[in-house]
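Asker: The residues making up each chain are set out below.
There are 2 protein chains.
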Amino acid sequence: MIQGVFSAATTPVGTDGQVRLELFAEHCRALLDEGCHGIALLGTTGEANSYSVSERKALLEAAKGFGVAGNQLLPGTSTCNVPETIELTSHAVDNGVLGCVLLPPFYYKGVSDDGLFRFYSDVIKGVADSRLKVVLYHIPQVTQVPLSHDLIDRLLNAFPDTVVGIKDSAGDIENMKAMIQRFPGFSVLAGADPLLLPLLQAGGAGCITATSNLRADSLRQIWDHWQSGDAEVVAKAQERINDWRTLTNAYVQLPTVKTMVARRRGNNDWLNLRAPLVPLSDAERGNVWAQMTQLGEGQA
Amino acid sequence: MIQGVFSAATTPVGTDGQVRLELFAEHCRALLDEGCHGIALLGTTGEANSYSVSERKALLEAAKGFGVAGNQLLPGTSTCNVPETIELTSHAVDNGVLGCVLLPPFYYKGVSDDGLFRFYSDVIKGVADSRLKVVLYHIPQVTQVPLSHDLIDRLLNAFPDTVVGIKDSAGDIENMKAMIQRFPGFSVLAGADPLLLPLLQAGGAGCITATSNLRADSLRQIWDHWQSGDAEVVAKAQERINDWRTLTNAYVQLPTVKTMVARRRGNNDWLNLRAPLVPLSDAERGNVWAQMTQLGEGQA
Chain G
1 MIQGVFSAAT TPVGTDGQVR LELFAEHCRA LLDEGCHGIA LLGTTGEANS
51 YSVSERKALL EAAKGFGVAG NQLLPGTSTC NVPETIELTS HAVDNGVLGC
101 VLLPPFYYKG VSDDGLFRFY SDVIKGVADS RLKVVLYHIP QVTQVPLSHD
151 LIDRLLNAFP DTVVGIKDSA GDIENMKAMI QRFPGFSVLA GADPLLLPLL
201 QAGGAGCITA TSNLRADSLR QIWDHWQSGD AEVVAKAQER INDWRTLTNA
251 YVQLPTVKTM VARRRGNNDW LNLRAPLVPL SDAERGNVWA QMTQLGEGQA
Chain Y
1 MIQGVFSAAT TPVGTDGQVR LELFAEHCRA LLDEGCHGIA LLGTTGEANS
51 YSVSERKALL EAAKGFGVAG NQLLPGTSTC NVPETIELTS HAVDNGVLGC
101 VLLPPFYYKG VSDDGLFRFY SDVIKGVADS RLKVVLYHIP QVTQVPLSHD
151 LIDRLLNAFP DTVVGIKDSA GDIENMKAMI QRFPGFSVLA GADPLLLPLL
201 QAGGAGCITA TSNLRADSLR QIWDHWQSGD AEVVAKAQER INDWRTLTNA
251 YVQLPTVKTM VARRRGNNDW LNLRAPLVPL SDAERGNVWA QMTQLGEGQA
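Which chain is which? The protein sequence lines are G and Y, in order. Residue numbers for the first sequence follow the working numbering, beginning at 1 and rising by one. Residue numbers for the second sequence follow the working numbering, beginning at 1 and rising by one.
These are computed hints drawn from the structure, not numbers from a lab. Some hints here could point you the wrong way.
Among chain Y residues calculated to face chain G with C-beta under 8 Å, some are [to be verified]:
#1 D16
#2 G17
#3 L21
#4 Y107
#5 Y108
#6 K109
#7 V111
#8 F119
#9 P276
#10 V278
Within a straight-line C-alpha distance of at most 30 Å, the following computed DSS-like cross-link-like pairs (lysine-lysine) qualify [as the list claims (entries may be wrong)]:
#11 Y/K133 <-> Y/K109
#12 Y/K109 <-> Y/K57
#13 G/K177 <-> G/K109
#14 Y/K236 <-> G/K177
#15 Y/K64 <-> G/K64
#16 Y/K177 <-> Y/K236
#17 Y/K109 <-> Y/K64
#18 G/K133 <-> G/K64
#19 Y/K177 <-> G/K57
#20 Y/K57 <-> G/K109
#21 Y/K57 <-> Y/K133
#22 G/K177 <-> Y/K109
#23 Y/K125 <-> G/K125
#24 Y/K177 <-> Y/K133
#25 Y/K236 <-> G/K57
#26 G/K133 <-> Y/K133
#27 Y/K236 <-> G/K109
#28 Y/K109 <-> Y/K125
#29 Y/K57 <-> G/K125
#30 Y/K57 <-> Y/K125
Here a beta-carbon is modelled for each residue, glycine too, at the ideal position from N, C-alpha and C.
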């Protein structure tokens, strides 16, 4: 079972738009030191779809080259097309990753479960490697392509040793609870930080979230102590996470997260984003950084 | 000015999921013979986003290799990321295409005009070739990322020799008329067949549509005769187009169009689609083919 606290790691680019591989690898290493069980690189927060196939491979290799073990990596390897998704997924499997997080193809809307099943099936059969573990990725507010429970059921029946979990970023705890009940042994991972504690209490497997770029320590505290620890300490940790998460939504979330990471890591390359996203304005950045000071700047 | 009747050509794949390059090239050649001024390959109807970068290049080269002139081609060359969009667009420009049809990046939703401007600007500056002519692609019902008139205004001011037109597939003639009035010399091309005649009457530049895969002859009749010809003949041609278009919506549109092309060209490789789309069922196919017979099977 894939379980734990995973960081939806952000991806640094320079003002020249080029990926900063070393800075990325250092960030991954630091996230593990701060408490993450693993790095879910190249998700929505990681701007995966704003990078080319070759850049995505280079980012994964950079993390590995900097001492992150393959089995600490949970990369997003989907594209809208089957051949490049097979290429990226095979590359990740060859690098010994823990699993691959697979978005549905997100160009066409209103596609049938038959069509989505076909996509995942074509990718899994195309990779043709028993080491592949697939984490489905449900984020309908972005993709506009939801993953139904009937589709998951069908995939689990067809590929019981391969399809092992789901990242649910829709933010509805009831949807996660329903999957936990219907699919025993299936890893349900929350995409929203405020839901980590309630999800664990409901039998969930952990989280893949953006705020972990800033407060992995608190997320790990919840993970380590939610069952046997001091309930007050755990509640406090969840509260702290929620405060940081609220700040990430002060402006457009991704630029805000990166602006906060820039302050945290002391490197302004983190301020940049690939189009169609844009960095915060100077005033917005000043405001976010001032609020970080009030929150204690990410110190435990 | 880019103007005329362009076919949103479909793309054939075998039951093995592999692109049928020769069959595609033959289809392009036939579409020109049937009356199209050019081929807008690799759009939504062409399932562009279901193909890899290398497959998209191979399809364009196949059309050229089969006697279609570069300046008869209007390929879709966008992806969600800047570097691969530059790569595909540069490749198309190097092949002498008439223009490139550029979707906005469509993963993130609610992105700002600043962000979209940045995407187009990064691509145009990255291609850095005065031969590049950009046709914007507005299809918000699929991308969920509309292109505002203010964004177009900004792009026209920044790149007056490069941004030359728009394919508007939203189906709202008022939106097209407003662009014709606001942006003199800008080519407004309808993405919906029933709008060709009213758009031409309003000063529009032509169309890029799916039904041209089946009835290019009638679209060309409208184009050739709408000003000086017999009004009744033109109205009849538009009516015929509309009937065929209605049939393409009998089931999910893309599989239906391809099913109709299969009958028209006498080759069942046309029945296949890449995931997440799925072919029609046997019963659906039988029904569509029966209705084609009633419509006269695409004969002029």
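Asker: All hints, please: hold or fail.
Answerer: Checked hints:
1. D16: violated, 11 Å
2. G17: holds, 7 Å
3. L21: violated, 15 Å
4. Y107: Holds, about 4 Å.
5. Y108: Since the shortest Cβ distance to chain G is 6 Å, the answer is holds.
6. K109: Result: holds, 6 Å to nearest chain G Cβ.
7. V111: holds, 4 Å
8. F119: holds, 4 Å
9. P276: holds, 4 Å
10. V278: holds, 5 Å
11. Y/K133 <-> Y/K109: Holds, at roughly 26 Å.
12. Y/K109 <-> Y/K57: holds, 28 Å
13. G/K177 <-> G/K109: It holds: about 26 Å lies between the C-alpha atoms, which stays within 30 Å.
14. Y/K236 <-> G/K177: violated, 58 Å
15. Y/K64 <-> G/K64: violated, 43 Å
16. Y/K177 <-> Y/K236: At roughly 23 Å apart (the allowed maximum being 30 Å), Y/K236 and Y/K177 satisfy the hint.
17. Y/K109 <-> Y/K64: Violated. Y/K109 to Y/K64 sits at ~36 Å, over the 30 Å cutoff.
18. G/K133 <-> G/K64: Status holds; Cα separation ~18 Å.
19. Y/K177 <-> G/K57: Measuring from Cα to Cα gives roughly 45 Å; hence the hint is violated.
20. Y/K57 <-> G/K109: Given pair Y/K57, G/K109 holds - Cα atoms ~25 Å apart, limit 30 Å.
21. Y/K57 <-> Y/K133: Within the cut-off at roughly 18 Å; holds.
22. G/K177 <-> Y/K109: Within the cut-off at roughly 27 Å; holds.
23. Y/K125 <-> G/K125: violated, 39 Å
24. Y/K177 <-> Y/K133: Between Y/K177 and Y/K133 the Cα gap is close to 22 Å, so the pair holds against 30 Å.
25. Y/K236 <-> G/K57: The given pair, whose Cα atoms are some 55 Å apart, is violated under the 30 Å limit.
26. G/K133 <-> Y/K133: violated, 44 Å
27. Y/K236 <-> G/K109: Given pair Y/K236, G/K109 is violated - Cα atoms ~33 Å apart, limit 30 Å.
28. Y/K109 <-> Y/K125: Distance of about 24 Å is within 30 Å: holds.
29. Y/K57 <-> G/K125: The given pair, whose Cα atoms are some 25 Å apart, holds under the 30 Å limit.
30. Y/K57 <-> Y/K125: Holds, at roughly 21 Å.
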